[in-house]
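K.L.:
Dock chain B against chain A, hints included.
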Amino acid sequence: MADSHDDGHHSHPPYLIIFWVLCIFTGLSWAADELQEFIPNMGVLAVIVLAIASAKALCVMLYFMHLKFERNWKYVLLAPTFILACGLPLALLPDVGVHYYDIDVPQNSIADRVAEMPEDGDAESHAPGH
Amino acid sequence: MSHSSGHPAKPPLKMGLAIPNSKLCMWLFLGTEIMFFTAFIGTYLVLRLGSPDWPSDVADTHINVRLGGLNTFVLIFSSYMVVVAHEAMTLKDFGKAKKSLWITFVCGIVFMGVKGVEYYGKISHDIVPGHIAETEDQALRKLVNEFRESRDEMGRALFVPGEDGEVPDLSKISVALRGELSGATDESRKADLQAFVKLEDRLQNSFLIVETDPEGHQILSSDQARIEAARVAFSKLEKAATAAKELHAAAIAKAADENREAPADPGIVDPVPPTIIGLSAAVRRELLPLFEASHESVDREAGHHLNLHITGLLDEMRSEENARIAAFFSVHDPHPIKYGNVFASTYFIMTGFHAIHVIVGLILFAIVLKQGPALDEKWTDFVENSGLYWHFVDLVWIFLFPLIYIIKF
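Chains as they are written, first to last, in the numbering used here: chain A, 1 to 130; chain B, 1 to 409.
Simulated from the structure, these hints should not be mistaken for laboratory data. Fair warning: there could be bad hints in the mix.
Said to hold, decoys possible - Calculated pairs, PhoX-like style, for lysine-lysine (alpha carbon to alpha carbon, straight line, at most 20 Å): (1) B:LYS92 x B:LYS370; (2) B:LYS96 x B:LYS378; (3) B:LYS23 x B:LYS378; (4) A:LYS74 x B:LYS23; (5) B:LYS370 x B:LYS99; (6) B:LYS23 x A:LYS68.
The shape of chain A in the complex, shown without the other chains:
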């Protein structure tokens, strides 16, 4: 137990500086949102704000969570969880996220469906979705 403090973190990371850096990053995210009409498309905005979020996460992990000063067990412990965490999103991605086919769901507008309906005047009037 006693040697929990022998791994270098008494070198005292610059906590206050990290805090101000995190504040500045949060301000930049907010500014990106405010200025989004000047950003060419939403994809660029997404990249900007997610890059800022990753930088903030890195600051928190390295300094506030002391990972910068921990030994190599951190890789053994955290690498598998990151790899496994990617499993579910990757498994869902092909069929749900990036399907090549048109999806046919009730959410498509009534106007679009009306245009495709035959003009037989049947009295069907089911509300969709249930």
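P.N.:
The following block gives chain B in isolation, referenced to the frame of chain A:
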């Protein structure tokens, strides 16, 4: 074995990592937490990528970037306070540690308060999974149900049970209240009963009717005479609108010939009358092309047509004159939101589980703060581990903030 060799005593055999077991456990737990939240966030991203026209308009989602940004700042500040507290614990400055932990605790409460404000906004607009209409049909059905629930609620509230205390079914309540109205003398009671009858009549005389088909599905329906009346009304208005357009065009042409300034647009009446509300899908299917032919510039987004026609009805029901009715119900503007339910589900599951983690963090800090003057170095590892947990909660929010609040497409 080593005792029999006569060699100097070796240092005790040391197993495991050079960190406290509790810290190792916390990191293992955080490893599972990474997978837990990645499942939610990853699923949200995949669903969002696969759902074109995901709701992003603030009018639909009631997402407030400023409140989200405020909460981000609050969590970052609290994270900073936790490391200050841990540092103070290692330096045996327990007074400073307690002060920092109190600030962290208050930050957590503030975070939950802001979250509560956000949740209240969502719930009051019925942005709740399973409650959101995603098509016009669903919006109509929801509107009907809400009006009916209001009427039922009002009827139950006004009905005075007899000596046996039994409350009959709603149809009998209606008959009883109408009977009472004819002989009512108390002005206040009379006004209440009149309000109820007015609401009921308004519902019965509109096209807002839900019926149950032979297979048990609820369907929107209406009687044929009313549909026919609506068609006639529509046709008249449509002709009037076309005539008005032609007159206006002719006036512009005449003005051009005579070198005069073109007359202002007289403002053409919307050709779809309010009575179209609740028409069956079959009837609307006939009316919609006419509507679009005469209104080429009309926004065809789902819900637009609907909102044009029911605003009047809602305004009427909510008017000052009907304050007695309005007091009894909350009918939401029927506002179809495509993929609104999956949006609400993912929003509440991500932010809800995050909020639960905040509450657990507050409990951990409360345990330390409860020690009061007894806080000593034995609690250093506990504070460090609670801090690690709290930083993880902060990390999750750092990603939720841009993903939920900022990125809109």
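K.L.:
May I ask which of the numbered hints given earlier this structure violates, with the numbers listed in increasing order?
P.N.:
When the structure is compared with the hints, none of them turns out to be violated.
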